[in-house]
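Novice: My request is simple: use the sequences and hints to build the entire structure.
If you read the protein sequences in the order shown, they are chains A and B. Counting in this note's numbering, the final residue of the first sequence is number 279, and the numbers go up one at a time with none missing. Counting in this note's numbering, the final residue of the second sequence is number 584, and the numbers go up one at a time with none missing.
Check each hint, because a few of them may be wrong.
Derived pair list, reagent style EDC-like, types lysine to aspartate or glutamate, alpha-carbon separation capped at 16 Å [as the list claims (entries may be wrong)]:
1. K348/B to E248/A
2. K407/B to E194/A
3. K407/B to D197/A
4. K117/A to D445/B
5. K347/B to E263/A
6. K348/B to E262/A
7. K121/A to D449/B
8. K347/B to E262/A
9. K407/B to D89/A
10. K348/B to E263/A
11. K345/B to E193/A
12. K180/B to E263/A
13. K319/B to E79/B
14. K407/B to E193/A
15. K121/A to E79/B
16. K407/B to D90/A
17. K117/A to E79/B
Please keep in mind that the hints were generated in silico from the structure rather than gathered at the bench. Because the structure is a prediction, the values reported are computed rather than measured.
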Amino acid sequence: MADKSTDPNEKQGMSRRTFLKNSGLVAGGVVGGSLFGGLITNQIKKQPEVEELSDAKISGGLQEARIFINRAEDFAILSAATERIFPADDLGPGAIELGVPYFIDKQLAGEWGNNAKEYMKGPFITNIQAAGAHNESGEQDKQGPNSATQVPVPTPRYQTIMNRGELFIVGLRKIDEVAQEKYDTRFVDLSPEEQDDVLRMFEEDEVEMKSVGASNFFYLLLSTTLEGVYADPVYGGNKNMMGWKMKEYPGPRMSYLDVIEEEDFIVMEPESLRQYQGH
Amino acid sequence: MAVKLPKVDVVVVGTGWAGGVVSAELSKAGYKVVALERGKNVTRSDYIGVKDELRYTNRYEMMQDLSSETITSRSNIDEVALPVRTRKEFMAGTDLGGGSVHWAGATYRWRAYDFEIRSKTIERYGKNKIPDDMSIQDWGITYEEMEPYYDRWEKTAGISGEPDPLGDPRSDDYPNPPMKASPAINLFMETTKKMGYHPYRVAAGNLSQTYVNPDGEQLNQCMFCSFCTQYGCDFGAKSDPLVTVLPTAEKTGNFEARTGAYVRRVLHKDGKATGVLYVDTMTGEEFEQPADVVVLAAFTLTNNRLLLLSKIGQPYDPKTRTGVIGRNFNAQFNNTFLGARGYFKDKKFNYYMGAGALGATLSDFAGDNFDHTDLDFINGGGIEIRQYGDGAIATNHVPDGTPSWGKEFKENSIRYANRSLVVWYTMATMSYWHNYLSLDPTYTDSLNDPLLRVTYKYGKQDKPMAEFGIEKSREIMEAMGADIVDVDEAPDEFDHVYDGMHYAGGVIIGADPATSAVNTYLQMWDMDNLFVVGASAFPQFAGHHPTATVGAVAYRAAEGIENYLKNGGQLVQVKNESNIKSIS
Numbered sequence: 001m002a003d004k005s006t007d008p009n010e011k012q013g014m015s016r017r018t019f020l021k022n023s024g025l026v027a028g029g030v031v032g033g034s035l036f037g038g039l040i041t042n043q044i045k046k047q048p049e050v051e052e053l054s055d056a057k058i059s060g061g062l063q064e065a066r067i068f069i070n071r072a073e074d075f076a077i078l079s080a081a082t083e084r085i086f087p088a089d090d091l092g093p094g095a096i097e098l099g100v101p102y103f104i105d106k107q108l109a110g111e112w113g114n115n116a117k118e119y120m121k122g123p124f125i126t127n128i129q130a131a132g133a134h135n136e137s138g139e140q141d142k143q144g145p146n147s148a149t150q151v152p153v154p155t156p157r158y159q160t161i162m163n164r165g166e167l168f169i170v171g172l173r174k175i176d177e178v179a180q181e182k183y184d185t186r187f188v189d190l191s192p193e194e195q196d197d198v199l200r201m202f203e204e205d206e207v208e209m210k211s212v213g214a215s216n217f218f219y220l221l222l223s224t225t226l227e228g229v230y231a232d233p234v235y236g237g238n239k240n241m242m243g244w245k246m247k248e249y250p251g252p253r254m255s256y257l258d259v260i261e262e263e264d265f266i267v268m269e270p271e272s273l274r275q276y277q278g279h
Numbered sequence: 001m002a003v004k005l006p007k008v009d010v011v012v013v014g015t016g017w018a019g020g021v022v023s024a025e026l027s028k029a030g031y032k033v034v035a036l037e038r039g040k041n042v043t044r045s046d047y048i049g050v051k052d053e054l055r056y057t058n059r060y061e062m063m064q065d066l067s068s069e070t071i072t073s074r075s076n077i078d079e080v081a082l083p084v085r086t087r088k089e090f091m092a093g094t095d096l097g098g099g100s101v102h103w104a105g106a107t108y109r110w111r112a113y114d115f116e117i118r119s120k121t122i123e124r125y126g127k128n129k130i131p132d133d134m135s136i137q138d139w140g141i142t143y144e145e146m147e148p149y150y151d152r153w154e155k156t157a158g159i160s161g162e163p164d165p166l167g168d169p170r171s172d173d174y175p176n177p178p179m180k181a182s183p184a185i186n187l188f189m190e191t192t193k194k195m196g197y198h199p200y201r202v203a204a205g206n207l208s209q210t211y212v213n214p215d216g217e218q219l220n221q222c223m224f225c226s227f228c229t230q231y232g233c234d235f236g237a238k239s240d241p242l243v244t245v246l247p248t249a250e251k252t253g254n255f256e257a258r259t260g261a262y263v264r265r266v267l268h269k270d271g272k273a274t275g276v277l278y279v280d281t282m283t284g285e286e287f288e289q290p291a292d293v294v295v296l297a298a299f300t301l302t303n304n305r306l307l308l309l310s311k312i313g314q315p316y317d318p319k320t321r322t323g324v325i326g327r328n329f330n331a332q333f334n335n336t337f338l339g340a341r342g343y344f345k346d347k348k349f350n351y352y353m354g355a356g357a358l359g360a361t362l363s364d365f366a367g368d369n370f371d372h373t374d375l376d377f378i379n380g381g382g383i384e385i386r387q388y389g390d391g392a393i394a395t396n397h398v399p400d401g402t403p404s405w406g407k408e409f410k411e412n413s414i415r416y417a418n419r420s421l422v423v424w425y426t427m428a429t430m431s432y433w434h435n436y437l438s439l440d441p442t443y444t445d446s447l448n449d450p451l452l453r454v455t456y457k458y459g460k461q462d463k464p465m466a467e468f469g470i471e472k473s474r475e476i477m478e479a480m481g482a483d484i485v486d487v488d489e490a491p492d493e494f495d496h497v498y499d500g501m502h503y504a505g506g507v508i509i510g511a512d513p514a515t516s517a518v519n520t521y522l523q524m525w526d527m528d529n530l531f532v533v534g535a536s537a538f539p540q541f542a543g544h545h546p547t548a549t550v551g552a553v554a555y556r557a558a559e560g561i562e563n564y565l566k567n568g569g570q571l572v573q574v575k576n577e578s579n580i581k582s583i584s
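Specialist: So this is what it looks like as structure tokens:
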């Protein structure tokens, strides 16, 4: 299949695919999922309102709604912040269009947001200023060197009593607080450059947060945003695999045995976990 | 009260390579073996069709659940240790097959030098070459004696590779030829050959062809699908216990693997182990499993913790530098695997394809293959290139000076997604008197047993060695034609991140009970019917990946256990040639 990811007219097609997938899930719930192909056209005809919804740029259809972050204001801050971390540009969509804010909301609602598999027994360090910032990003380059992230830290890093879900809520509200203190304006109403300034204050630990270093929150926001851009679409981000298309990443594949020796770069139309498992 | 179960010949704690090899060998020999695994029961079908980077690489699906147990960590012996709370900071494999299921497959024999490091260093450079604070020691067994066990494990695992041109003598080739090479691997091979080095292909636990091992187990050909390190294999094409030693043990009818069995103590009476106490994690019930021989073959940290909790052997005391349990903890942390990343402006690589151990390496700067007379360190490491097959989340490499977020980051991370290669130094780490394992005085697990506490900091030679390797890596990367070459900075301090799974020592092997916990059959000096098997036996960390050596010591231990079951007693004569310096 040809790579159409650079075609600006592709948007409509992508939305349609999202819709088809959602319809498939609805159909599966009703009839057991074995008649996937045959039912789709009927679903399209019967539910035009869903198609309209999916045409809106920020929609992922019926799967995009807040399930963890209660306040719409908090979600708006999250959306604006992720968009500054991964902005829309000529290369392709930014965090919002990729569904990253919903991806993060879903992550926070689950096991990871609840720190279910982390050690959360006390005693906890209560004086974070004395302990210094922790949980600095070691994430950026796991498979190799990047001296910028090799920051020596004298103690184990994640030491706050808050789980990630709590940390996000506290952090998002702190972003707004700092915006209002510095610019007398809500974060979402700042110019992109001003938003960057506020985020940089968190990155550089110029903001004091309770129980956790501001940079800890910022790196968590940063790494989760990138996960939302590039994780399999099943989690709600990387909408229509647009993150993968930008990076020419093909998604999960059965085999590269026949092409591993190829000298030339091979671009493949990406496939998702849904397609891989659906063989 | 714990429910007492019928006695078996051998109870094995852990089901990775160490526990798996021991279980297979003893059940084949006709002994009744029960293996206890704290994690879930898994089979190959657990790993079919689940190629999900977020779940496995970023959320650590195959790693130990830390909510019930983790470790604590500190740098100095007078500090308060803090718990390592997240799986991002502490990874240890769990579930049937242990860490040996998610490993990459990079297979190296350790060098003759590694087994006799103290003697050979003194012989070549004199006594003063080894700093006073360094507690490295000989294994009490030589490479020549270990060679047959390496050979056996390589054949069981179906390793695909070619001999190291600068390696020690081998009795046989690897059972399978090297994997196919990608253009990036060829570029490294050709470039380093031209530079006068001796490159060769990384020996791989990813199969270059379909293979049946000596136990009759079939391993399939690797597909280069890239979901390898931190994943179970979709195809039964990775050398792991799930497709080799565990089915071999099961076929005998003498073996039972019990999952969800969290071992709390080794039970003992009058200097002999009587069995183990464990909790069924599904019901909370406690069981006692009696056995003639107890084998601790769990992860390094668990082996140490169980001995300390069970009060077996004398715990190491850094103040007096006496005692053995917990002594010489050693590992590869953030000072290793550093090197140079090259960015290519006009060349793209299919780096989304790959396999855990698809790679090339050279040993010109490993072990004592180069003259250390004018260097301020001993030992060395391999220089490696690997093509794991990079996931989309992981591939965010950007040239130095690029911000870590925003427009410019996005541009560069996408631009260079398939245009960067890395060469690194897999350097050795030596043991020091101040690095050890003990029980934490404050933090406990879900059953209120103390957590294991790690005390670790770098020695004086760690940084110069890392810098040496980084410089060699830079030279190679430049010769490979990269347009931008960024080098790592060697850290001054340990970052308390345990994400490489290369943690060793604490129950170390040796010839002298004053400085070692187990003899060369991995039998406890203090308890004849207790064997402690795995990387916990390594007195220091060599400059190469550890798994083949874990497999080799497991075959050695299996031979010893069988010997003990037949004849009883200590298998090795005590030699009193203590090489540890007294603090006085």
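Novice: Holds or violated: K407/B and D89/A, Cα atoms, limit 16 Å.
Specialist: Distance of about 8 Å is within 16 Å: holds.
Novice: With the threshold set at 16 Å, check whether the alpha-carbon distance from K407/B to E193/A stays at or below it.
Specialist: holds, 11 Å
Novice: Please work out if K407/B and D197/A have their alpha carbons no farther apart than 16 Å.
Specialist: It holds: about 14 Å lies between the C-alpha atoms, which stays within 16 Å.
Novice: What's the verdict on K319/B and E79/B, does the C-alpha distance respect the 16 Å limit or exceed it?
Specialist: holds, 14 Å
Novice: Given the hinted pair K180/B and E263/A, is their Cα-Cα distance within 16 Å?
Specialist: Measuring from Cα to Cα gives roughly 13 Å; hence the hint holds.
Novice: With the threshold set at 16 Å, check whether the alpha-carbon distance from K407/B to D90/A stays at or below it.
Specialist: The hint holds at about 10 Å.
Novice: Straight-line Cα separation of K348/B and E263/A no greater than 16 Å?
Specialist: holds, 9 Å
Novice: Are K348/B and E262/A close enough, with their CA atoms no more than 16 Å apart?
Specialist: Holds. K348/B to E262/A sits at ~11 Å (cutoff 16 Å).
Novice: Given the proposed pairing of K117/A with E79/B, does the C-alpha separation stay at or below 16 Å?
Specialist: Violated, at roughly 27 Å.
Novice: Between the alpha carbons of K117/A and D445/B, is the straight-line distance 16 Å or under?
Specialist: holds, 13 Å
Novice: For a C-alpha distance cap of 16 Å, please report whether K407/B and E194/A respect it.
Specialist: The hint holds at about 15 Å.
Novice: Can you confirm whether the C-alpha distance between K348/B and E248/A stays at or below 16 Å?
Specialist: Cα-Cα ~11 Å, so holds.
Violation of the numbered hints given earlier is confined to hints 11, 15 and 17; the remaining hints are satisfied by the structure.
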